[in-house]
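Colleague: Hey, can you work out the whole structure from these sequences and the hints?
Chains as they are written, first to last, in this note's numbering: chain A, 1 to 352; chain B, 1 to 352; chain C, 1 to 352; chain D, 1 to 352.
Just so you know, these hints were derived from the structure itself, not from any lab.
A hint or two may mislead.
Copies of one chain are not kept apart here, so a pair can be met inside one copy or by any two copies together.
The calculated DSS-like cross-link candidates involving lysine-lysine, where the alpha carbons are at most 27 Å apart (straight line), are [to be verified]:
1) K133 to K42
2) K346 to K126
3) K198 to K313
4) K198 to K259
5) K164 to K346
Residue strings, one per chain:
Number of protein chains: 4
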Amino acid sequence: MRKIKVAIMGATGMVGQQYIRLLITHPWFGISLLIGKKSAGKPFGDTVEWVGEYDPPSSIKQIVVNELNPGVGGADIFFSCLPSDVAREVECEFAKEFAVVSDTSAFRMEDDIPLLIPELNAEHLKLIERQRKERDWRGLLVTGPNCTTSGLAMALKPIDDLYKVKKVIVTTMQALSGAGFPGVPSLMTVDNVMPYIKDEEEKVARETRKILGRFANNRVAENDMQVAASCNRVTVTDGHLETLYLETEKKVNVAEVKKALSEFKGLPQLLKLPSAPENPIIVREENDRPQPRRDRNSGSVPGMSVVVGRVRKGLDGNSLQLTILSHNTVRGAAGNAILIAELLLKQGYLEK
Amino acid sequence: MRKIKVAIMGATGMVGQQYIRLLITHPWFGISLLIGKKSAGKPFGDTVEWVGEYDPPSSIKQIVVNELNPGVGGADIFFSCLPSDVAREVECEFAKEFAVVSDTSAFRMEDDIPLLIPELNAEHLKLIERQRKERDWRGLLVTGPNCTTSGLAMALKPIDDLYKVKKVIVTTMQALSGAGFPGVPSLMTVDNVMPYIKDEEEKVARETRKILGRFANNRVAENDMQVAASCNRVTVTDGHLETLYLETEKKVNVAEVKKALSEFKGLPQLLKLPSAPENPIIVREENDRPQPRRDRNSGSVPGMSVVVGRVRKGLDGNSLQLTILSHNTVRGAAGNAILIAELLLKQGYLEK
Amino acid sequence: MRKIKVAIMGATGMVGQQYIRLLITHPWFGISLLIGKKSAGKPFGDTVEWVGEYDPPSSIKQIVVNELNPGVGGADIFFSCLPSDVAREVECEFAKEFAVVSDTSAFRMEDDIPLLIPELNAEHLKLIERQRKERDWRGLLVTGPNCTTSGLAMALKPIDDLYKVKKVIVTTMQALSGAGFPGVPSLMTVDNVMPYIKDEEEKVARETRKILGRFANNRVAENDMQVAASCNRVTVTDGHLETLYLETEKKVNVAEVKKALSEFKGLPQLLKLPSAPENPIIVREENDRPQPRRDRNSGSVPGMSVVVGRVRKGLDGNSLQLTILSHNTVRGAAGNAILIAELLLKQGYLEK
Amino acid sequence: MRKIKVAIMGATGMVGQQYIRLLITHPWFGISLLIGKKSAGKPFGDTVEWVGEYDPPSSIKQIVVNELNPGVGGADIFFSCLPSDVAREVECEFAKEFAVVSDTSAFRMEDDIPLLIPELNAEHLKLIERQRKERDWRGLLVTGPNCTTSGLAMALKPIDDLYKVKKVIVTTMQALSGAGFPGVPSLMTVDNVMPYIKDEEEKVARETRKILGRFANNRVAENDMQVAASCNRVTVTDGHLETLYLETEKKVNVAEVKKALSEFKGLPQLLKLPSAPENPIIVREENDRPQPRRDRNSGSVPGMSVVVGRVRKGLDGNSLQLTILSHNTVRGAAGNAILIAELLLKQGYLEK
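Modeller: Structural data, given as structure tokens:
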């Protein structure tokens, strides 16, 4: 099979680097373009401040970064991890002709743009037909959620299906890589926790409701669960840890919850997509798990499974407590977007 | 004024060291005895693994650590920060003759033992009369709460007074010093968070209800607020950070909450006790406060004030969100116990 | 005594904040001006990103930051911790009329500018007469060394006096605050060490030779010891740790070295200057000292003493090994500069 | 090929866990026994405190840990990472019948025991003949060096071959995993560096001389280079960083050094042993490399290559400075021992 050509818009950032790491060995996709705003015109290897453990291959380092210009073409799928303000200007331009899969917040909440976690709401891809018609696009635009939302929504889905979740009280302990690079100054992170992340709490609440909403009559009806978040930054490189307190309509049963989480599968598992982990959710029985460093790369596709632990009752029979961990730049960004692209390809959305 | 002689039982531990630091300049109390189990018979300076920033003075280093033997006497107040199992064996023996103020969990929940935060429930000291009668003690035993409870109960008190708190969902990010020394292995703390602290969540719930309970008919009637805790250990030396979600009986008003917290004073402030901070609660308006490293020593008596930030509405008009910080070995242990002792002295409980 | 008015140029930076912390309680000096380039025109409290543990007092927060304009006057001493390129443009302008004490590298190596650690080379202040004559200044310019040099030169001086040091092999483990704010991105500091600090190794070598040089014939003859440095950045907030291997002309005696270091005093001690620590050098006998967190604030003036440990023989009788710690923003910057200003005042250099 | 049965003595420790991680996918060796002192009799999964990122496979967890009893047999190669005192008692007992490869310090410096880095001194294996004869063993005992020595000796070898190294001044910044588990308390590692590691400096000096010594007349004549070490513990999980200052007999040429290091190969590369990295030494040109987190797993066999950077001249033409990084539990322990075992097998030492 000839590889589908993909471009990375915002390639020099933290998430851009994660895209490169994941795509260089991808069975279906091949990187044909790296696109940047400030870095355009320079060889990628000269302009990137690479922060990961492994160096990019020299074939990637030699790519000259392209301008942000939809007229150039050169790829079938454009992954976007641009800064939000830049994304707002250009993503729709690219979507006129090309498939755009975006991790940015720019268009996540638009009525006709799917906000997708492929295991949870693949059905929302039906919005593509509407966006093409209403916006006169030959391409498409699909978005992935905020890095904090992605783990949360995944863990909530099977529980909401069982008991209907009415209220979610979530406190996050988020990784530094979620703030990009250079991100948080080190002097703020030694012997410290930052108790606030700008705009994050609002995003978590509204994105969760959209993702877990139902598609009907050509639109997504938001889930009516209420979400209150407290977002904190801790001194961890990768992996967002979140404690959840849930109130449900029906009585809960802890064993049933664990079973539903462990056995949960979505369309990507059914279709055996390359980036689909065997288990989107892994349940740990030990009291002291999940831990960011030890569990963030769990499962058959490292970084793509949400790890859940400490599932226990809340204050009454209609409440639950649990702790979840999700790799913020894999399932929370690049990995989820690549899985979206795999689903788009498999379901024929990339055919012209 | 001649100084009151005080002893520290468990002097070589983390909290013991904090006692020493706070007492060496105390205006009323003078250290006359250091007591230990394993370290007995050795000069303190030779047996302690001192972890604080400043070395103990040489006058302290030269003290030969005493055995755990109530017959020895030699002090008027015995501060106890022994391991809980040892505390259970000996604290009551000491209380037969002496005033014992304990940070251990051994007797906190006993019916006739006050669990005290002097600003909140000084009235519970009336249990001393009962304990003396029922147990035939000439001394007394008063306990301080778990390090996580102390900040929580302080912040809840003014809000409970205003609106009656029905439900508390609290997630903690606790400091390493709370686990004692050697405590948590460093390999567990680099690039990681530990999502569990043994027995902590249960203690937080039940101690909060006792502290905020009312004294009547010679007993403490527990407050009926419900508390669900998720306790985590983060890579911070000192200072427990906690996010709170509260549900209240009456409608909340954020400005009113901030005012009540800021203006809150207790009996120690009225009596101008030496370890009483001018403001037991400090409210910060900045979004990114409180932070452990920058705020744990705030206020007129470093480590004794609880710092509150991010006060905001919850999901409806009867709910609140806030973030609190409390120094776990000062207000959460040694400092609170010393304040208890000051109150005991001032109120005449130490007279024979 | 009426306080001498002092200005801080570059007040919003890391070192600027340290100046403020040290000067607000200074017995001789009072802050009359805060000066900045980008922050000019705004109240200090609104423009500074304060990183220290304690907030600046509100009297300081309300000061409107002044422009960098020597014509404005308003102070007798101008402390400069400006970025080096800005310093190069303006320090000499200020020195035409005012006393300037600078932590920047801009003019440290100029022939007629003293590079001063008051305990070591107070005699170099005689260059002031020369600079005034040659440059037609009514003010003066004195500089302090790089934060890494300051601890090194202090520890070397008594040893050089005893044995004549020929060769210094030094490896540093430097604190994050040495890189300013925002400084090093946190993603580079978790589970990592940065093995390089730009330009640092060269500065350490040449500044040490100048400081330890002899004043004669109106100039400083550099000390001819050779210095080879390897500079690293470790995940510590404050306090530069350095391992030294020294080769000397004369045979060494470890006990004699410890005695000379412990007993070392300089002119500031003799004059009892307010910022002069009782012992500029503190020698520790324990194998595992000095440690940054526990020793950086040692001594009678916190942060002003260099702490030395692990003094031992090298590979032969003419070599020594030792480990030193110096607080990089106190003795290594603001504290040393304030001590310079105290000496200037005491020796009559500030009289017009 | 049927796999050779190997046992791990001290399997529950940090290095034991690293052995398991490396051996579960080994092409030649299969784990047949896990041996422990305290953990004997329990299933490995119940007794180990696993600290790595990935869980051990359940096939390993189910193995019941064996006693330390040479009579049991059950393996052809016994890897030992026992505590040194235990090792001293039992390794020779096992060596009577079996091949023992040990990471412990117990017998490293014995005259007839090879201290081996397979790329450097494979010739020292000829001591096996002597040890068998003198000690009447049918088995054998080969040791690997201390984790700090291994990187140092590797980097020194090509330079010593070129110029003859006379003096080595080395400062280490060592990882926490080198102290085992629980190892260093976390309260000692936050915002701190520990400037001392017990016995380490002596080991580094004498082991380096033995490894780089020449085999002749049935014994190893130690290399006469002098080594002075200063060993520090920094807050890094894995990877020892070391700065080197070298003095050589012949004039140095930096380009020549880099070439010699980059091109260095040993017998394991020639024999294409499974754990032999393509390049035992990797030279980086960037100023800010090597870094522990980013470079410790470099190369074709992660953790087996020593990464060298900042190669530059010293104070004169006969001196060199460089910075090296070596993975302390892979090349510094388990990985090096497995490579020794591969070499033993390939060279026929395991045939009975």
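Colleague: One pair to classify: K346 and K126, alpha carbons no more than 27 Å apart. Within, between, both, or neither?
Modeller: within (14 Å within a copy, 61 Å between copies)
Colleague: Quick one: K164 to K346, C-alpha cut-off 27 Å, is that within a copy, between copies, both, or neither?
Modeller: neither (31 Å within a copy, 56 Å between copies)
Colleague: For K133 and K42, with the copy left unspecified, which applies at a CA distance of at most 27 Å: within, between, both, or neither?
Modeller: neither (38 Å within a copy, 52 Å between copies)
Colleague: At most 27 Å between CA atoms: does that hold for K198 and K259 within a copy, between copies, both, or neither?
Modeller: between (36 Å within a copy, 25 Å between copies)
Colleague: Indicate which option fits the pair K198, K313 if close means a Cα-Cα distance not exceeding 27 Å: within, between, both or neither.
Modeller: between (31 Å within a copy, 17 Å between copies)
Checked against the numbered hints above, the structure violates hints 1, 5; every other hint is satisfied.
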